[in-house]
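2 protein chains.
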Amino acid sequence: MGNFFGISFLILALALLLNTHSAFQPLQTSVAFSILGYNITCYVIPRAKDAFIKIGLYGKDMSKKGKPIIPETIGIIPAITYIFLMFCFIPFLFLKFLVIDTSGGGNREIGISQDYDKFKLFPHNKLSSYLSGMLSLESMILLGLIDDLFDIRWRHKFFLPAIASIPLLIVYYVDFGVTSILIPNFIKNYFELPFNNIDLKFGYYIYMAAVSIFCPNSINILAGVNGLEVGQSLVLSILLLLNDSCYLIPLDKNSPSYDSHLFSAAILIPYIGVSLALLKFNWYPSQVFVGDTFCYFSGMVFAIVGILGHFSKTLLLFFIPQIFNFLYSVPQLFAIIPCPRHRLPHFNPQDNKLYPSRVIFDKRLNPIKEKILILLENLKLLSLIKEKDIKTGEIIVKESSNFTIINLILVWFGPLREDHLCLVILILQFLVGVGSLIARHTIGPWLFGYDNLHWLVQ
Amino acid sequence: MGNFFGISFLILALALLLNTHSAFQPLQTSVAFSILGYNITCYVIPRAKDAFIKIGLYGKDMSKKGKPIIPETIGIIPAITYIFLMFCFIPFLFLKFLVIDTSGGGNREIGISQDYDKFKLFPHNKLSSYLSGMLSLESMILLGLIDDLFDIRWRHKFFLPAIASIPLLIVYYVDFGVTSILIPNFIKNYFELPFNNIDLKFGYYIYMAAVSIFCPNSINILAGVNGLEVGQSLVLSILLLLNDSCYLIPLDKNSPSYDSHLFSAAILIPYIGVSLALLKFNWYPSQVFVGDTFCYFSGMVFAIVGILGHFSKTLLLFFIPQIFNFLYSVPQLFAIIPCPRHRLPHFNPQDNKLYPSRVIFDKRLNPIKEKILILLENLKLLSLIKEKDIKTGEIIVKESSNFTIINLILVWFGPLREDHLCLVILILQFLVGVGSLIARHTIGPWLFGYDNLHWLVQ
Numbered sequence: 001m002g003n004f005f006g007i008s009f010l011i012l013a014l015a016l017l018l019n020t021h022s023a024f025q026p027l028q029t030s031v032a033f034s035i036l037g038y039n040i041t042c043y044v045i046p047r048a049k050d051a052f053i054k055i056g057l058y059g060k061d062m063s064k065k066g067k068p069i070i071p072e073t074i075g076i077i078p079a080i081t082y083i084f085l086m087f088c089f090i091p092f093l094f095l096k097f098l099v100i101d102t103s104g105g106g107n108r109e110i111g112i113s114q115d116y117d118k119f120k121l122f123p124h125n126k127l128s129s130y131l132s133g134m135l136s137l138e139s140m141i142l143l144g145l146i147d148d149l150f151d152i153r154w155r156h157k158f159f160l161p162a163i164a165s166i167p168l169l170i171v172y173y174v175d176f177g178v179t180s181i182l183i184p185n186f187i188k189n190y191f192e193l194p195f196n197n198i199d200l201k202f203g204y205y206i207y208m209a210a211v212s213i214f215c216p217n218s219i220n221i222l223a224g225v226n227g228l229e230v231g232q233s234l235v236l237s238i239l240l241l242l243n244d245s246c247y248l249i250p251l252d253k254n255s256p257s258y259d260s261h262l263f264s265a266a267i268l269i270p271y272i273g274v275s276l277a278l279l280k281f282n283w284y285p286s287q288v289f290v291g292d293t294f295c296y297f298s299g300m301v302f303a304i305v306g307i308l309g310h311f312s313k314t315l316l317l318f319f320i321p322q323i324f325n326f327l328y329s330v331p332q333l334f335a336i337i338p339c340p341r342h343r344l345p346h347f348n349p350q351d352n353k354l355y356p357s358r359v360i361f362d363k364r365l366n367p368i369k370e371k372i373l374i375l376l377e378n379l380k381l382l383s384l385i386k387e388k389d390i391k392t393g394e395i396i397v398k399e400s401s402n403f404t405i406i407n408l409i410l411v412w413f414g415p416l417r418e419d420h421l422c423l424v425i426l427i428l429q430f431l432v433g434v435g436s437l438i439a440r441h442t443i444g445p446w447l448f449g450y451d452n453l454h455w456l457v458q
Numbered sequence: 001m002g003n004f005f006g007i008s009f010l011i012l013a014l015a016l017l018l019n020t021h022s023a024f025q026p027l028q029t030s031v032a033f034s035i036l037g038y039n040i041t042c043y044v045i046p047r048a049k050d051a052f053i054k055i056g057l058y059g060k061d062m063s064k065k066g067k068p069i070i071p072e073t074i075g076i077i078p079a080i081t082y083i084f085l086m087f088c089f090i091p092f093l094f095l096k097f098l099v100i101d102t103s104g105g106g107n108r109e110i111g112i113s114q115d116y117d118k119f120k121l122f123p124h125n126k127l128s129s130y131l132s133g134m135l136s137l138e139s140m141i142l143l144g145l146i147d148d149l150f151d152i153r154w155r156h157k158f159f160l161p162a163i164a165s166i167p168l169l170i171v172y173y174v175d176f177g178v179t180s181i182l183i184p185n186f187i188k189n190y191f192e193l194p195f196n197n198i199d200l201k202f203g204y205y206i207y208m209a210a211v212s213i214f215c216p217n218s219i220n221i222l223a224g225v226n227g228l229e230v231g232q233s234l235v236l237s238i239l240l241l242l243n244d245s246c247y248l249i250p251l252d253k254n255s256p257s258y259d260s261h262l263f264s265a266a267i268l269i270p271y272i273g274v275s276l277a278l279l280k281f282n283w284y285p286s287q288v289f290v291g292d293t294f295c296y297f298s299g300m301v302f303a304i305v306g307i308l309g310h311f312s313k314t315l316l317l318f319f320i321p322q323i324f325n326f327l328y329s330v331p332q333l334f335a336i337i338p339c340p341r342h343r344l345p346h347f348n349p350q351d352n353k354l355y356p357s358r359v360i361f362d363k364r365l366n367p368i369k370e371k372i373l374i375l376l377e378n379l380k381l382l383s384l385i386k387e388k389d390i391k392t393g394e395i396i397v398k399e400s401s402n403f404t405i406i407n408l409i410l411v412w413f414g415p416l417r418e419d420h421l422c423l424v425i426l427i428l429q430f431l432v433g434v435g436s437l438i439a440r441h442t443i444g445p446w447l448f449g450y451d452n453l454h455w456l457v458q
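Protein sequences, first through last, are from chains Y and E. The opening residue of the first sequence carries number 1 in the numbering used here; numbering runs sequentially from there. The opening residue of the second sequence carries number 1 in the numbering used here; numbering runs sequentially from there.
Chain Y on its own, in the form it takes in the complex (with noise of 0.2 Å):
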């Protein structure tokens, strides 16, 4: 591991040395703080597992034989170690402010900035922005680990990101405070309004809480798998670089999404870096949990950089696996349909397999209810045992498979053993975005009047 370590610190030198006057110098530093950030990881999860296990700090996995003792919260090691990669990261982002005369305390009377052209780093205004990510991000790690030891209720955890993301609305207020947005083409047209965006206002706000709320959240629901959180997350990094790649390659500088994707590039390629070392360790059969707090830490990740991006519509999209987990968890969710206390899969030991989890209905459900279920059992999005009355005739439901994604995959293709389930689950989740990031720059200049992906168009 002492090699690892050497390897990655020569890597980080070379890449420091190399990256003076590239275009991509940012992103040439990201790569080599991700290789750090990687190598970190993996030599602190082995070396500290044991202490969250004597904390009470672990679980069961369920799905397992003899249902072993697992460290759980194991996420706050690469959470922690990307924070500080990212301080690091700073004089390495941002173009220098150099106070020349100062009367002292802290004045500035004399100041400029570094030359842009120079030395091909972030505008020194941007600073702000950033650091009041990182506030936000650190807030959720402290909200998720709090959450991690106490076990916060459901309804009250649902909103620590919305209080995690209180620095970067009140610094975007105070800092840069635009809150208008694109009307599509067709309303424009439509209503024939004489103006292409509208002011929110507050409203903008609210939205952004909103995102900062559904990203964390979206992650945290589709979980139970060894390797699914962790996954997920990469396949939505990887997602928003192939994104973010779309506005790089075409190197126009003279872009306006040109920046804030280079921005979002150099964000995330760190996140990958740690991410992959959790996965190392978390990937099935589990020698670690990742807890809340990396699922919080994810989300607020994507969060940050759609929003500081200015793309949190494009970031949404992405999510389109994580929405229909949560619309499809809904008439459990709201108890429409009986919920058990637990959905995750049912594990075999004999073929050390898992098969759907089943809900059994122990009262009769209301006739139309049971007609909605037999249509989705239809449409292959349900299975179901049914039964039918000798003396009416009719067809009874009697157990349904659970509603969420994960059981509805092995509805389509199992029973599966564990990693293979959450191959599955991966490979269509980066399908359905490779999908989207293809609708959103074929459907979205036709509904927006022009795409900002200016090669595209042109």
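One should not assume that every hint holds.
The list treats identical chains as one, so a pair stands whether inside a single copy or across any two.
[What the hints assert, rightly or not] Lysine-lysine pairs mimicking PhoX-like chemistry, simulated, CA-CA at most 20 Å apart:
{"id": "1", "residue 1": "K54", "residue 2": "K157"}
{"id": "2", "residue 1": "K380", "residue 2": "K369"}
{"id": "3", "residue 1": "K398", "residue 2": "K380"}
{"id": "4", "residue 1": "K96", "residue 2": "K201"}
{"id": "5", "residue 1": "K353", "residue 2": "K67"}
{"id": "6", "residue 1": "K60", "residue 2": "K353"}
{"id": "7", "residue 1": "K280", "residue 2": "K388"}
{"id": "8", "residue 1": "K363", "residue 2": "K388"}
{"id": "9", "residue 1": "K388", "residue 2": "K188"}
{"id": "10", "residue 1": "K371", "residue 2": "K386"}
{"id": "11", "residue 1": "K54", "residue 2": "K67"}
{"id": "12", "residue 1": "K369", "residue 2": "K386"}
{"id": "13", "residue 1": "K313", "residue 2": "K201"}
{"id": "14", "residue 1": "K388", "residue 2": "K67"}
{"id": "15", "residue 1": "K157", "residue 2": "K313"}
{"id": "16", "residue 1": "K67", "residue 2": "K96"}
{"id": "17", "residue 1": "K64", "residue 2": "K353"}
These are calculated hints, taken from the structure and not from any lab test.
Following the hints, complete the assembly by docking chain E onto the known chain Y.
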């Protein structure tokens, strides 16, 4: 308790309404936030403290009959309350930067800053330093919590504040970067130097990191008596406020130090609110223990105030009692004199009072050490138990009071009940602090050729 909330919101609202054109606008708002912080902390502590015991965060109070179990690490509650209040404080502290035209993607084609004279807030370009301070503070809270959870070894935890100070130092480098300090007049004259300041360059960052390490750790080692950790932090913050008011009361807004001391006061006042609430529960007999988290949090608040306000040397003057405690402990810390496992005062359940704890010398000490101990006893800095060797007539030192300021106070004034002991220490600390403050503004100007407190020397 609902009443308290109502009242504090009322005060907050009033303060916000009244403060638009006052010279002390940030201070009025900070008083309102302070009251709010006090109320929130008072509301949360009694409701949350049992949850801390439940997850294993508790300690035994050794200086009470029956050694009751007390929840530990409660300092995380005022710390988190404080940091989120400081996020919400931002719009009341800093001028807004208004982006008038943007090409999208977070770009700022045309932007202006709000008018300083109209709003009487801090310039927008200081926002980054403030955010970096909050990042360091939040990192300290996070690392403090991890220390309390995992009981990190002494030689590692000593450096946690240095890690937490990384964002502060890095943003200082990117955003301000002035690293020169004034040379005292007598040195300048003696060496006939042609300049009156010297550029420490990288050394200045080491100095700032040292201040960040020193403040939290020095509070952490003067601990172990109900109310002492919070009490000494409150005395420190009152002394710093006294120092600030020397610069603020003359209302000389052209003084270069005016802004930095207004800033310092604005940061300290809400801190006093949340700490007072903690003291309410931590004062003798303690219902809660504060944990390392609180000591680190407090120390970091002071370090940030001193570094961002550019008066870190003055700050260190107020830490004289803590510095004395450290120097006084050195013989035992570095094993020059044997050190027992615990050095807390000895509790006598009969009279409910504390007595100096003692170290018993099993082996006879080296005669030089014995002579020094006897000298210290004559200077009233130790209490010894000696024996005369019947054969040789030599005086042998058998026992000594332990080398901590707490035991020394008990040697001087003991035995004392725990709360009286704490009060005596706090009063002494306050008196020494006021003495330092006076010395700062009388000897300081003589050493440096001028005082930045203009009204005093004019």
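- Under a CA distance limit of 20 Å, which applies to K371 and K386: within one copy, between copies, both, or neither? Answer is within; shortest intra-copy Cα gap is 12 Å, inter-copy 95 Å.
- 20 Å Cα cut-off: does K60 pair with K353 within a copy, between copies, both or neither? within (17 Å within a copy, 49 Å between copies)
- Could you place K353 and K67 in one of the four classes (within, between, both, neither) given a Cα distance threshold of 20 Å? within (14 Å within a copy, 53 Å between copies)
- Pop the pair K67 and K96 into one bin, within, between, both or neither, using alpha-carbon distances up to 20 Å. Answer is neither: 54 Å inside a copy and 56 Å across each miss the 20 Å cutoff.
- Query: Using 20 Å as the alpha-carbon threshold, which applies to K398 and K380: within, between, both, or neither?
  - Reply: within (17 Å within a copy, 86 Å between copies)
- Task: Up to 20 Å between alpha-carbons, please classify K380 paired with K369: within, between, both or neither.
- Result: within (16 Å within a copy, 87 Å between copies)
- Query: Is it within a copy, between copies, both, or neither that the alpha carbon of K157 lies no farther than 20 Å from that of K313?
  - Reply: neither (24 Å within a copy, 43 Å between copies)
- Task: With 20 Å as the alpha-carbon cut-off, assign the pair K64 and K353 to within, between, both or neither.
- Result: within (9 Å within a copy, 57 Å between copies)
- Message: For K313 and K201, with the copy left unspecified, which applies at a CA distance of at most 20 Å: within, between, both, or neither?
- Response: For K313 and K201, only the intra-copy Cα distance (17 Å) is at most 20 Å; the inter-copy one is 45 Å.
- Query: From the Cα coordinates, with 20 Å as the cut-off, is the pair K280 and K388 best called within, between, both, or neither?
  - Reply: Classified as neither: same-chain Cα gap 49 Å, cross-chain 69 Å, threshold 20 Å.
- Task: Pop the pair K369 and K386 into one bin, within, between, both or neither, using alpha-carbon distances up to 20 Å.
- Result: Cα proximity of K369 and K386: one copy only (14 Å, versus 90 Å across).
- Query: Are the CA atoms of K54 and K157 at most 20 Å apart within a copy, between copies, both, or neither?
  - Reply: Between copies, since 19 Å is at most 20 Å while 25 Å is not.
Hints 7, 9, 14, 15 and 16, counting from the list given before, are not met by this structure.
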